[in-house]
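So the protein sequences, as listed, match chains A and B. Quick note: the first sequence, position 26, residue 26 per the working numbering, numbers continuous. Quick note: the second sequence, position 59, residue 338 per the working numbering, numbers continuous.
Hints are computed from structural coordinates only; laboratory data are not their basis. There may be inaccurate statements among the hints.
What the hints assert, rightly or not - Here are the in silico distance ranges between beta carbons for each label pair:
#1 B:S299 / A:G70: 38 to 48 Å
#2 A:T108 / B:E297: 44 to 54 Å
#3 B:I335 / A:D214: 28 to 38 Å
#4 A:G70 / B:V328: 34 to 44 Å
#5 B:P303 / A:D214: 36 to 46 Å
#6 B:V309 / A:P117: 41 to 51 Å
#7 A:F119 / B:C294: 47 to 57 Å
#8 B:D314 / A:D214: 41 to 51 Å
#9 A:T263 / B:E302: 10 to 20 Å
#10 B:E295 / A:K278: 46 to 56 Å
#11 A:K217 / B:E297: 50 to 60 Å
#12 B:A330 / A:W132: 19 to 29 Å
Glycine included, each C-beta is placed from N, C-alpha and C at the ideal position.
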Amino acid sequence: MLSVLLSRLRVEEKALLEELDRRHVAYEVLDTRTLAFRLDELDLPYQGALCREVSHHRAHYAARLLEHAGVPVVNSAAAIALCGDKLLTTLALRRAGLPTPRTLVTLTAEAAIGELPSFGYPAVVKPVVGSWGRLAARLSDDEAAQGVLEHRAALPGAHQHITYIQQFVGRPGRDIRGLVAGEEVLGAVYRTATHWRTNTARDAVTSLCPVDADLEKILLDTAAAVGPGVYGIDVLEDADGALYVNEVNHTPEFHGAAEVLGTGLADRYVNYVLDQVKS
Amino acid sequence: MEKGDGLMALSCPECESEVSPPEPVRQHEVLECPDCRAELEVIAVEPVVLALAPEIEEDWGE
Ligand SMILES: Nc1ncnc2c1ncn2[C@@H]1O[C@H](COP(=O)(O)OP(=O)(O)O)[C@@H](O)[C@H]1O
Ligand SMILES: [Mg+2]
Ligand SMILES: [Zn+2]
Chain A
1 MLSVLLSRLR VEEKALLEEL DRRHVAYEVL DTRTLAFRLD ELDLPYQGAL
51 CREVSHHRAH YAARLLEHAG VPVVNSAAAI ALCGDKLLTT LALRRAGLPT
101 PRTLVTLTAE AAIGELPSFG YPAVVKPVVG SWGRLAARLS DDEAAQGVLE
151 HRAALPGAHQ HITYIQQFVG RPGRDIRGLV AGEEVLGAVY RTATHWRTNT
201 ARDAVTSLCP VDADLEKILL DTAAAVGPGV YGIDVLEDAD GALYVNEVNH
251 TPEFHGAAEV LGTGLADRYV NYVLDQVKS
Chain B
280 MEKGDGLMAL SCPECESEVS PPEPVRQHEV LECPDCRAEL EVIAVEPVVL
330 ALAPEIEEDW GE
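Next up, chain A with everything else stripped away, as it sits in the complex (with noise of 0.2 Å):
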């Protein structure tokens, strides 16, 4: 039997659901939210995992304790907290020689201050953990870079201190998605939006975009730069069309992508899933 893992059932799971019951595979919904693991008695009866679920951190622990016991996970433990962090990522994949945006990384806000005048503007600062765009802005000049970083020099969380910054990479108001499976580009959309942050989940319109030679080459290296599974990968391109890899998603939404590429895509994601847990 599958396990399915999640805690809020998007338009995604319910896509990957009804593509579960339409091939009549048996599996059980996990809610992430009440499970309970006793580590002395860890015998699952999965013979493998699909991880949707919503929140990075409870992902990545469930993933590692099912991986534990035995039980294989989509994606697993080992890509989600890769993923899950833009700056991990961002290290990855210039290990592998992608191309990506110029990077600053300090260690408090209040470092980035003096370094952003050198670095340079239009920058952008985003949390290290986080989606949607949420908290992403987009520095201007140094006035602007003062005010957001002392703000987020005064947050809460340990974690917001770690400054990551990238240039700017406009063509400001579109991004590509692309969405991988293991070895196969299963397709890329445009994100358009009146707003530089591009996210579906911000009412980005998607078109179409072509996967040319140039694209499926970045998209499937980036893939086997964070390891074997099922990415949604950020890509911006420069005002000449150069394409810079902004950060790859460990559980991807594809709801916009689908309603361009078509209704292929959850059943191509199952068809991956299915693969990588057959015993």
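Put chain B with the ligands on the given structure of chain A with help from the hints.
For chain B with the ligands alone, kept in the frame of chain A given last:
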């Protein structure tokens, strides 16, 4: 699995207006109350029970 048919009049736990979940409704699904726009979670399906959905936390996302 985890599906139920609950085409009964349900009321929003926040504002008491009528909410009709889509068919078939699944456990853990989140609906928006058409009146007060509160996010409601389907916490049981047979019969359907709605509760206020938890607030988004800072580590939520893709
Ligand atoms: N360095 C950047 N240059 C230009 N736009 C950016 C940059 N970083 C983020 N964005 C925009 O903000 C959105 C959200 O940022 P992202 O790094 O993908 O974080 P999240 O995990 O919140 O989606 C991106 O989809 C993109 O539109
Ligand atoms: Mg993103
Ligand atoms: Zn209501």
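Consistency of the hints with the structure:
1. B:S299 / A:G70: 38 to 48 Å: Taking Cβ atoms as reference, B:S299 and A:G70 lie about 43 Å apart, which means the hint holds.
2. A:T108 / B:E297: 44 to 54 Å: holds (51 Å)
3. B:I335 / A:D214: 28 to 38 Å: Given a distance of about 36 Å, which is inside 28 to 38 Å, the answer is holds.
4. A:G70 / B:V328: 34 to 44 Å: holds (35 Å)
5. B:P303 / A:D214: 36 to 46 Å: Once the Cβ atoms are compared, 43 Å apart, the range 36 to 46 Å for A:D214 and B:P303 holds.
6. B:V309 / A:P117: 41 to 51 Å: holds (44 Å)
7. A:F119 / B:C294: 47 to 57 Å: holds (48 Å)
8. B:D314 / A:D214: 41 to 51 Å: Roughly 49 Å apart at Cβ, these two residues keep to the hinted range, so it holds.
9. A:T263 / B:E302: 10 to 20 Å: holds (19 Å)
10. B:E295 / A:K278: 46 to 56 Å: For B:E295 and A:K278 the Cβ distance comes to about 49 Å; the hint holds.
11. A:K217 / B:E297: 50 to 60 Å: Hint holds: Cβ distance 53 Å, inside 50 to 60 Å.
12. B:A330 / A:W132: 19 to 29 Å: With a Cβ separation near 23 Å, B:A330 and A:W132 satisfy 19 to 29 Å, so the hint holds.
No hint from the list above goes unmet by this structure.
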